[in-house]
Amino acid sequence: MSEKHKIEAGHAVGQPVTLRELESHVKGQTVYYEDVKVPRMLHLKVHRSSVAHARILDIDTSRAEQSDGVVSVLTYRDVPATKVWTHFEAVGIAPGAEPILALDKVRWKGEPIVAVVAESLKQAEDGAAKVKVTYEKLASVFDVDAALAPGAPNLFDCWPDNHYLFPDDHAAAQIRFGDAEKAFAEADHIVEHVYNTRPIEQAPIETAGCVAVPGSDGRFTLYTNSQSLSNTRNNAAEIAGISPARLHLIGGTAGGGFGGKVDMAIEPMALLAAMKSKRPVKYRFTREDEMTVSSTRAAWRVSIKDGVMQDGRIVARYVTTHQDVGAYLRNSIYGAFKHASHMPGPYTVPNVSADVFCVFTNRTPSAAMRGFGVMPASFAIEMQMDRIAKALRMDPWQLRLKNAFRNGDMKAHRREVWDAALVETIQATARLSGKDLPEDYKQMSSQKRLGS
Amino acid sequence: MAKKRGTGMAAVSYPIGMHLGGDPTGALVHATSGGNFVVAMSSVDLGQGLKTVMAQIAAEALGVPLDTVIIDTGDTDTGPHCSGTGASRTTHRAGNAVIAAAKEARSAMLDVAAEMLEVSAADLETDGKGNIHVAGVEEKSVSVAETVQAGTFQFGKTIAGRGLFLVPKSPQDPETGESDPHSTQAHACTVAEVEVDTESGEVEVLSLKSAYEIGRQINPELVKGQIVGGAWMAIGHTLCETTAPYYPTTEHAPLDFLNYGMTGVAEMPEVECELLEFPSPSGPFGAKGVGEMVANSPIPAIVNAINNALDLDISDIPVTPEVILRALDAQAAGAD
Chain A
5 MSEKHKIEAG
15 HAVGQPVTLR
25 ELESHVKGQT
35 VYYEDVKVPR
45 MLHLKVHRSS
55 VAHARILDID
65 TSRAEQSDGV
75 VSVLTYRDVP
85 ATKVWTHFEA
95 VGIAPGAEPI
105 LALDKVRWKG
115 EPIVAVVAES
125 LKQAEDGAAK
135 VKVTYEKLAS
145 VFDVDAALAP
155 GAPNLFDCWP
165 DNHYLFPDDH
175 AAAQIRFGDA
185 EKAFAEADHI
195 VEHVYNTRPI
205 EQAPIETAGC
215 VAVPGSDGRF
225 TLYTNSQSLS
235 NTRNNAAEIA
245 GISPARLHLI
255 GGTAGGGFGG
265 KVDMAIEPMA
275 LLAAMKSKRP
285 VKYRFTREDE
295 MTVSSTRAAW
305 RVSIKDGVMQ
315 DGRIVARYVT
325 THQDVGAYLR
335 NSIYGAFKHA
345 SHMPGPYTVP
355 NVSADVFCVF
365 TNRTPSAAMR
375 GFGVMPASFA
385 IEMQMDRIAK
395 ALRMDPWQLR
405 LKNAFRNGDM
415 KAHRREVWDA
425 ALVETIQATA
435 RLSGKDLPED
445 YKQMSSQKRL
455 GS
Chain B
-7 MAKKRGTGMA
3 AVSYPIGMHL
13 GGDPTGALVH
23 ATSGGNFVVA
33 MSSVDLGQGL
43 KTVMAQIAAE
53 ALGVPLDTVI
63 IDTGDTDTGP
73 HCSGTGASRT
83 THRAGNAVIA
93 AAKEARSAML
103 DVAAEMLEVS
113 AADLETDGKG
123 NIHVAGVEEK
133 SVSVAETVQA
143 GTFQFGKTIA
153 GRGLFLVPKS
163 PQDPETGESD
173 PHSTQAHACT
183 VAEVEVDTES
193 GEVEVLSLKS
203 AYEIGRQINP
213 ELVKGQIVGG
223 AWMAIGHTLC
233 ETTAPYYPTT
243 EHAPLDFLNY
253 GMTGVAEMPE
263 VECELLEFPS
273 PSGPFGAKGV
283 GEMVANSPIP
293 AIVNAINNAL
303 DLDISDIPVT
313 PEVILRALDA
323 QAAGAD
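Quick mapping for you: the protein sequence lines, in order, are chains A and B. The opening residue of the first sequence carries number 5 in my numbering; numbering runs sequentially from there. The opening residue of the second sequence carries number -7 in my numbering; numbering runs sequentially from there.
It is possible that part of the hints are untrue.
[As the list claims (entries may be wrong)] In the EDC-like style, the derived pairs of lysine to aspartate or glutamate whose C-alpha atoms are separated by at most 16 Å in a straight line are: (1) B:Lys95 - B:Glu117; (2) A:Lys394 - B:Glu266; (3) A:Lys10 - B:Glu266.
Hints listed in this document are in silico derivations from the structure and should not be mistaken for laboratory results.
This is chain A alone, in the form it adopts within the complex (with noise of 0.2 Å):
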C-alpha cells in the first residue's frame, strides 16, 4: 500500500479487531428475535391474492373462522387508522397508497387480503387456504412501456398514466445542470445506449419475522430483526392507530438484511394481530415469502445518451431511466432521487440532464436493496464508458482519468466536488492489475486538473 494514503491506527481505531460475535455466530449460539421465547405465542399466516389485478367482490371469512385452532381472522377492517403503509410519508416523500389488507382492489398477485392468526403454523396456514375471495379480475400489465402507453390497464387512479407525480407535478425526479441539447450539436461523437437490469432478491439467510407481545402495562413488545427499529416501531405504531410510546422494539441483531428488512411487512401485522388476539403473535416470512412476496430489487432500465469530444471528454450526457417499482411505490422515489443526483456519476460533465421515472405493473412491489437507486447507475455509466472508450478507440482507463471527478468541480446536482478520490483508486487499480498507465496519466491527481 501507498503509505501516502494510509493513517496510523490508534489504540482501538484502524485495529484488525476480531468481529465480537464471530465464535457465536459460527457456532449457532447468537440470540435472534426467534430464540425468544414467549408463552402462549399464536402463529399468523396471510391468504394473498391469487391473480395480478382484479377488483375484490366478496371476502370470505367464515370457513377460516371455523377451522381448527384459529383464534382470530384480519380483514382490513380490524386495521383501525391509517389503512395504508406509511413508509417515508413520515419523512415527507411519499404518499400512503397501499393498503395493509387489500380493501376493493389487488394489485399484484400475492396482495395481502386476510391474516389468519392460529394456535400453531399448520392450523394458520389451513385456516387461510379456506378463506374465499371472489374477484373481477383486470386486465394487468407486466412491462414498463406496455405501462405507460395509451390506454394500459391503469393501477391507481391518482396516477392515471402509471406513474408516480414527483412534486410540482412533475413526471420524473429531474435533474438539469448546464445546456445539454447546446452540447449535444457541438459534440464530435454522440454515444448512446439502454442498460437494464432484474428484479433481485435481497436473500437474508434469516428471512424476515417479528414476535408481538401484549404487555400487562397496555404495552406491546415487538421482538423483531427490522434493520431499522425506530422506524419501524413509529409506522407499526401509526398502522396500528396507537401511540409508539406503547411500543418497545427490541432487535439490533439480524442475520443479513441488504435492504429486505427496511419494509413494514411484518411488524404491524404481528402487532394488529396481538392487538385483536390480545395474545403473543408470530409472524415470519418463509422462504418463499421472501422469493416471491417480499420487496425485490426493482428492474432498472437506463438509457444514456453522450456527447463526447474526440479527446474523450464528455461535454453532455442525458439519462432517461425507467424503475419499475411494480404494484406500489414503497419507498422507490427515494431510489429514484438518489439515482437522479448520482447521475453522471463520479465525473465531471458540464451539461446533465436526467429524468428518472417509477413506473407501476403488476408485479410484486419493489424496495430498497443494497446500493439503491446507485447500483443500477454505477452499471449503466460504467457499461456506458466502455462502449464511448471503443467508440473513440481509447484506452477506457485513459477515458476515466481524463473524466473522473476533481475537487472543486461542479457536480450537476450543484454541489462543488470536495472529497474526491476517483483518480488515486484508478491509478491504484492500475498499479494493483499491472496496467502500465502513461506518465502523465501517472500524474493526475483528485486535486487538481493537469492542463486547464
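Dock chain B against the given chain A, drawing on the hints supplied.
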C-alpha cells in the same frame, strides 16, 4: 469448445448516508460501577460488525481499553433514536454520535480524575490501557477503574455522555435537482478477469482486483470482509440472480434457493484489494462507509470483461449462460 478470457474494469463513487439527510442517530455512554463503559443505542447489526466498530470508536474517543466497552444496542426503550442500518450510514452517522457521547463521558471522567490527582483536567491524558495520567508525568496517574469508583462513591458524579448526530434534511429542487444529497463520497475501482466457456455459456470469474477509498478504516479486517462479501453478491447479481428470469413475464419465478441462482463458495475467485485512506472531515475519525459500494463496481467490471472476452455487446444483467449462448448465436448469424 473454447474457453475465452477477457478483462474489464469499472470505477464508482458511492454517497454515504441517507439521501438528502434528515436521518438522526443517537448514542448514550455511561460508566458502570463494575468498570465497563456501556454504549446504549438502537442501531442494528446485520452481521457486518456494527457492534465491533462502535466499540472501537467509543474506546478510542473515551481513551479506555476496547474490552471495557460494551455495545448495548437494539432496544427502543433504552437506546436513543436510530434511523436504521442502510444507505451505508451507520459507521458515519452512529459513529459520530458515539464520538459525541464518548467525548462528554471522557470529560466527566477526566474531571473526577483531576480532583483525585489535584491537577487541571486539561493537563490529563489517557493511555488507552486503562490509565489516566498527567501529560508528560506518567507516574502521576490514576486508573480508569479507580476514577469510575471514585466518581460513584466519593464524588457523587455520573460519568456519562450524550451524542446525537443529525445531517439536517435538505430538499431537492423538483426542476433542477439542486440538492445537498450526501455527507461524503467513497470510491472504488475494480478489474475483473473472466473465462467464458463458449459451449456451455458459463462464466468463471478468475480474479477481482480492486482499490477502495473509504476514508479512514475503523477496522481493516471487517472492511475486507465487506469487500469480499460484496464481491460475492455482485458476482451473483452479474451472472445468475433474478426473481424474474424471463422479465417482463412473471414465469419461472424461483420459490427457493434451489431455483434462485446464487454464487457458491466454490465459484468465488481470489479477491485482492488495496485500501487508500483519504480521511473525510465529516466522518468519525475520518471514516466514510463501505456497506453498499462493494457490490457495485464488480458488476460492470465483470460484464465489460465478458464483452472483452467474446467481442460481444451485452448490456443487461444477469448474464446467464442462456444470455451468452443466445448472444454468441446472434454473433455467428451476423457473421454469416
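Against the structure, the hints come out as follows:
{"no.": "1", "hint": "B:Lys95 - B:Glu117", "verdict": "holds, 13 Å"}
{"no.": "2", "hint": "A:Lys394 - B:Glu266", "verdict": "violated, 28 Å"}
{"no.": "3", "hint": "A:Lys10 - B:Glu266", "verdict": "holds, 10 Å"}
Hint violations for this structure: number 2 only, all remaining hints satisfied.
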